[in-house]
Amino acid sequence: MDFNVCEVALHRIDQEDHSFRITTQRDKSSLLESMATIGLLVPPVLWSQPSGLTIVSGFRRIQACQRLGIQRLAARLVPADTQPLACVRMAVIENTTQRPLNLVETARAVQLVKKWIPDYSELTAELTALELPTSRALVDKLERLNRLNRDLQAAVVDGEVSLAVALETGLMSPSDQKVIWKIFSALPMSVSKQKEVVSLARDIAGRDHQTVGDVLQSDAIQTILHSDQFDRNQKTAAIRRHLRMVRYPNLSQAELQYQAALAALKLDSHMRIDPPPGFEGNLFTLSLRFRNRRDLEAAYRNLGAALENPAIDSLFPH
Amino acid sequence: MQTKSFPNLNPIRRIYIDPAVEHMPQTLEILQNFDDVPQKVCPTDQVFEIINQSSDPIQTGKEVLLLTANKGRFIRGCPGTRHYECCRYVILHVGTYCPMDCAYCILQTFFHPPVLQYFVNHEDMLAELDHFLETTSQRRIGTGEYTDSLIWSHWTTLVANLVQRFGRQSQVALELKTKTNLVKNLENLAHNRKTILAWSLNTESVIRENEVGTASLKERLDAALSCQQWGYPLAFHFDPIIIADGIEDEYLAVIRELFDRIDPDNIVWISLGSLRCMPPLKAIIHRRFPQSRIMYGEFISGLDNKLRYFKPLRINIYRQIISGIRKMAPQVPLYFCMESGDVWEQTMGFRPDAKGGLANLLDGSAIKQCNLNSS
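Protein sequences, first through last, are from chains Z and Y. Take the first sequence: its letter number 248 is residue 247 in numbering that gives the first Met the number 0, and every next letter is one higher. Take the second sequence: its letter number 319 is residue 318 in numbering that gives the first Met the number 0, and every next letter is one higher.
Simulated from the structure, these hints should not be mistaken for laboratory data. Check before you lean on any hint, since a few could be wrong.
[As the list claims (entries may be wrong)] With a straight-line Cα cutoff of 30 angstroms, these simulated DSBU-like cross-link-like pairs (lysine-lysine) come out:
1) Z:K140 <-> Y:K305
2) Y:K281 <-> Z:K194
3) Z:K192 <-> Y:K281
4) Z:K177 <-> Y:K281
Work the whole structure out from these sequences, hints included.
In structure tokens:
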């Protein structure tokens, strides 16, 4: 592409137009320091338009110029008759050659390209050339990510929430989203736990003709959230446990009964008997930890006593 | 040939023809039904690519018809699992996928991509079938595992030809499983009771919410009654049984409706199977069938890694359905599709092993009802 490298006045640049913006980075302190010390090394790319100069790449550099009081700066000017897709390519390459794009940046880049190439087979070729993802499934997910609100996008970029959870939450009503994020901000939890909470709440809501907000604002959950007796980890555990019991009442009841029967056997803490997963098969697992012969003999006696205990039959209801 | 219009089926929007089968008679036969549908000769890998790249491959796969050859075996064993009691069914592989749209359909994730395919190399199929019928000790074979058996009778003479081919032998019974009422072409065929017409049954509410484009329960039973009057033996499959509040009464109503119309003595078998699926299907059901509530049951991960209802819940609904059937048809052979021995024991009162195995039980019923050679 032909550039005309020249000096332009800052006020001619339309800083409100973010059509080509890909970066999610907002922190300019390091860039400010660098530019204050050694100046602008790489001129931004600007597209000459009748209304002014549209930024193709260099959003952060131009903002830094403004903060440093620089009124005129060097820029690479793209001619006015340049096709928009050519500017898109330029924006993508300028970003991808600087750093690996995060998910939201990738989503923005793909969306920019897709805007000008609706046909999927042509789009695939273009995405391949730009080294962007081409899988249809991923492109669709990125498109959905691009439509999420900024808070959710930021949570994905910061690793506070997985793409899957963000996309699932993004499908919910704004009021449901608000309830979920209120809980997640009060109780920071791992991505897998967030996913579990969202999935359980959504299933309960679907089964019981409620909203996700209704489920998560139930008295039981609110009591846990506002309890003075639990720390944040305990609250998270209690909420997950409660949701699981509501979602799987019969399975939970069976687990409780099993635990009660097991407790009645008074097994040593070094010994455990696990039921078949989901109580589906017939294979129970006995595990035992011991250090020496004396431990093993004690475990043997303990297990023998358990076998004499009538409660052991409750472990095997059928 | 039956009328071309069948409003319940998804419309076929495009037909792709594998260059290798472009001039085969079966290709020309089926194309007669689709004068007004765009047709393109196209290698199969390109067709798969087109479907994979569409925004919804599962839906797109139902709207195209790919005419191609089955390059593998036409006759193969059912992909059962060693973890549960399997009936060792044999599949006659005539095509794949289905233009109807059931929320729980495993074919949505079974094929990559899912695509409605019709195998037109019938000479190969018939040669393999002839050899099978002459040499096998198997008693049961069906076309309804990877596709619906009767949708093809709407467009081709395949089903009629198979019925007549099986009518000329006495070793194996052919089972045609369907959710349609496309039986008109079966009248006046020399079936010799060697073809079993089988319907998947469910409650009206499950059909309405989860079986898009299928025949209603009444239409299925009307079709079954017609086949009974034409002398065909029948079978029914309560599969998948859905567990939800109050649904037991709905299943009992279906059972009453069934036996109000159908003679129990003409039923070769009735199978029961509760909903089970690989975990990825759950997300697909949520996306494609947002009104469906079938995935809100209490599922555990089964021994075969499929989601299954918690075992006591399965046992509970099986007992009620079995009791309902037994009241009206004490002698009808019942079996479970992919259930554990202890579920058999707690609901039927025995394990299949105690009676020579499930395959043996079903073979016996096929021999009796279809007048197969007993040796």
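>> Against the 30 angstroms threshold, does the CA-CA distance of K281 of chain Y and K194 of chain Z hold or violate the hint?
In response: Given that 30 angstroms is the threshold and the Cα spacing comes to 15 angstroms, the pair holds.
>> Tell me if the straight-line CA distance from K192 of chain Z to K281 of chain Y falls inside 30 angstroms.
In response: Holds: K192 of chain Z and K281 of chain Y sit about 19 angstroms apart, inside 30 angstroms.
> Is K177 of chain Z within 30 angstroms of K281 of chain Y, Cα to Cα?
Replying inline: Distance ~25 angstroms between K177 of chain Z and K281 of chain Y Cα, so the pair holds.
> Within a Cα-Cα threshold of 30 angstroms, do K140 of chain Z and K305 of chain Y meet the stated pairing?
Replying inline: holds, 26 angstroms
Taken one by one, the earlier hints all hold for this structure without exception.
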